[in-house]
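J.: Between the sequences and the hints, there should be enough to build the whole structure, so can you do that?
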Amino acid sequence: MKKLFWLLVAVLLASTALAQQTRLRVFVGGQQRPDVMRKIFDLYQSRNPGVRVDVEVGGATSDQQQQYLTTVLASRDPSIDVILIDVIRPAQYLASRWADTIDKYLPAASRQELLRRYLPAYSQANVINGQLVALPAFADAMFLYYRADLLEKYGFKPPTTWDEAIQQAQTILQREGNPNLNGIGFIGAPAEGTVCTFLLPIWAAGGDVTNAQGQFSLTVEQAQRALQFWVGLMDQKVSPPNMAEKPQDTIRSEMQAGRWVFGTLFAYAWNRFQNDADSQVKGKIGVVPLPAFAGGRQASCLGGWQWTVSDFSRNKAQAHRLVRFLSSPEVSKILAIEASNLPVFPALYRDADILKVNPWFGQALPVVQAARARPQHPRYAEISEAIRVTTNQVLARQKTPEQGAREIVTRLQAIYGGR
Amino acid sequence: MTQPQSRIRRSFGDLSERALAFWLLVPAALLLGLVALYPVGRLLYTSLFRRRLTDETGNSPVFVGFQNFVQAFSDERFWTALWNTLLIVLVTVPGALVVGLLLALLANLPFRVKWPIRLGLLLPWALPLVFAGLIFRWFFDSQYGVINDVIVRLGGERLLWVTTPELLFWAICLSIIWKSSSFVALILLAGLQVIPKELYESAAVDGANRWQSFWRITLPLLIPAILVAAIFRTITAFQTFDIPFAMQNGGSSFETLAMYVRTMSIENLNFGYGSALAVLMFLISFVVTLVYLRYVRGADD
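Residue numbers (the numbering used here), protein chains in the order written: chain B, 19 to 437; chain C, -17 to 283.
Read the hints as simulated data drawn from the structure, not as lab findings. Bear in mind that the values here come from a model prediction, so they are computed numbers and not experimental data. A few of these clues could be false.
[To be verified] Derived lysine to aspartate or glutamate pairs resembling EDC-like cross-links, with alpha carbons at most 20 Å apart:
#1 B/Lys255 / C/Glu139
#2 B/Lys57 / B/Asp81
#3 B/Lys171 / B/Glu194
#4 B/Lys417 / C/Asp37
#5 B/Lys300 / B/Glu272
#6 B/Lys57 / B/Asp329
#7 B/Lys334 / B/Glu74
#8 B/Lys122 / B/Glu272
#9 B/Lys417 / C/Glu58
T.: What follows is the structure, given as structure tokens:
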């Protein structure tokens, strides 16, 4: 009887201890390495015994994740506390009032201090209308991956202009005579990455969707030249005629199987080429900044992911503490080493431990620093659709570059005009 | 065994038959109200507001009357989506009926072992629509797809199925027909099995060949089943979403009405206009269902 009494007391104590524990639920996409994230949460739990962090893993692409999150957040579901969002989304999260802004937990002075430590692109991407919506998790940008073995075989240096890249691809394809080898791989399917494809030549020529005052400034001529460039790659046979079918990860897996000389991809591809069991190109891939256009400059597309706190969370204060930890240099370093995610702190690009695993990070800093952000707008989803679907149709030769350019400009004008 | 019955009798004993009927129907009515009437009512309500989660109307919707509907009627994209949906109905409903009828006739043949063909009939029906879409997306891939492989082996040119609008339309229709004809076949098979064997026997005695007995006996007696299948198929064809969506990697070069509703609400977060589009789609489904109800009632008489 006495034993039973003590057992009961023990159970009671244990259950109150459990009840005092805060449980935080974090949403992470399937492509953002939930396994590595789990290790980071375990570390946080071991330092904060009162907190338990659960991971919820979402879809593989940014669009799929957002579709799910839209239903959760539009119904004000409190089950998710912290969310990893794409760099294109903070403006919409603020407009929809889905994010609990970080400012409430930060005095203005220390906010300034905190933001100064990140790469400027990410402090800009996360401050919308003066409000700090999210904090950066890791950086990303597009790079040119190339087959170092093939370039070396024909005595080429990695290209610095697109004309060079086209010539090198033509020579290699002709001399190799391998029907399974293709020249320049770029993203052409109607998915988010195609927005970057469209914008790259525009940025390189000095243009953008908006001017410095945030007003719509893209011209039909700029858009047409950009579309013409990618169609031209297919005309010159350095890219196959079915580019409209190819999302980013298809190019990545084909390059991994040795089917591309060049590929324009985000940073995640490096780890896959080097470490995947089925990789045919281990040690044969080099990576450099994207080439420049004749008479233009080099430009890359800014990617990256941010931590935000759901406005419907019931543990906001605890969630904010977790987000501060997740956006710290310590976590950025773990992500760089374990997932080859680009750090959001400039100093980490010279960190010896990180460079040992990712030797190319040394050259990546200038690319990330110069990378351009896609338009920041609460209705970004519509901007993205207008660009990616039309660009895809031009690549599929359903529309001429001129028709496509007119359509994109007309649709974007309407969105920026508030219609 | 009699205990539960007597308990029911005890508590409902003093109710009149009418009152009893009322109370027995309440749970079903509540459930129907909750899962059908409330959402549809809410949809109608939202369709009268400007409500975009991307601006301040997300939290404080503004009443605009029928403005969303007026906008839809002058929205080129709405008409294109409606036209595409109609095309899908016009091609895939007859297509599925013909293929389904052939499959049902095949399954109805007196094979000694019946389960392999019945399983073959059931499998496409049991497969989720998105999977069917993804599978056919691979079949029609220009580089790795089995269809182009066959074309190339026969000496033809590779076709860009998924990115050429005309080819894409037929690829989508083929996939939908493959997926839905097994459902039609199941209904028709049930219809075939209730046709009395004596009819065929006496037709044979009268010297009718197989072709004649098919046209004179099978087809006329199968017409009720064909109508049921056609109406069900038409209702689902108006709601076509999964297969064209999955086959285009989420793109919308070929967009049906259901796809447009989803893009407008879930992606663009324009719930007011998205709801108006959904109401228009609901009205179309409603009309088709009315035709069906009228037919069912007619059959009862």
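J.: Are the Cα positions of lysine 122 of chain B and glutamate 272 of chain B separated by 20 Å at most?
T.: 47 Å, violated
J.: Would the hint linking lysine 334 of chain B and glutamate 74 of chain B be met if the CA-CA limit is 20 Å?
T.: Satisfied, since the Cα-Cα distance of roughly 18 Å is no more than 20 Å.
J.: Are the Cα positions of lysine 171 of chain B and glutamate 194 of chain B separated by 20 Å at most?
T.: Roughly 10 Å separates the two Cα atoms, so the pair holds.
J.: Under the criterion that the straight-line Cα-Cα distance not exceed 20 Å, is the pair lysine 417 of chain B, glutamate 58 of chain C satisfied?
T.: 17 Å, holds
J.: Is lysine 300 of chain B within 20 Å of glutamate 272 of chain B, Cα to Cα?
T.: Measuring from Cα to Cα gives roughly 13 Å; hence the hint holds.
J.: Please work out if lysine 255 of chain B and glutamate 139 of chain C have their alpha carbons no farther apart than 20 Å.
T.: 17 Å, holds
J.: Below or equal to 20 Å on CA atoms is what counts here, so check lysine 57 of chain B against aspartate 81 of chain B.
T.: Distance of about 26 Å is beyond 20 Å: violated.
J.: Can the restraint linking lysine 57 of chain B and aspartate 329 of chain B be considered satisfied, given a maximum Cα separation of 20 Å?
T.: Given pair lysine 57 of chain B, aspartate 329 of chain B is violated - Cα atoms ~26 Å apart, limit 20 Å.
J.: Assess, step by step, whether the Cα of lysine 417 of chain B is no farther than 20 Å from the Cα of aspartate 37 of chain C, and give holds or violated.
T.: Outside the cut-off at roughly 33 Å; violated.
The structure does not agree with the numbered hints 2, 4, 6 and 8 stated previously, though it agrees with the rest.
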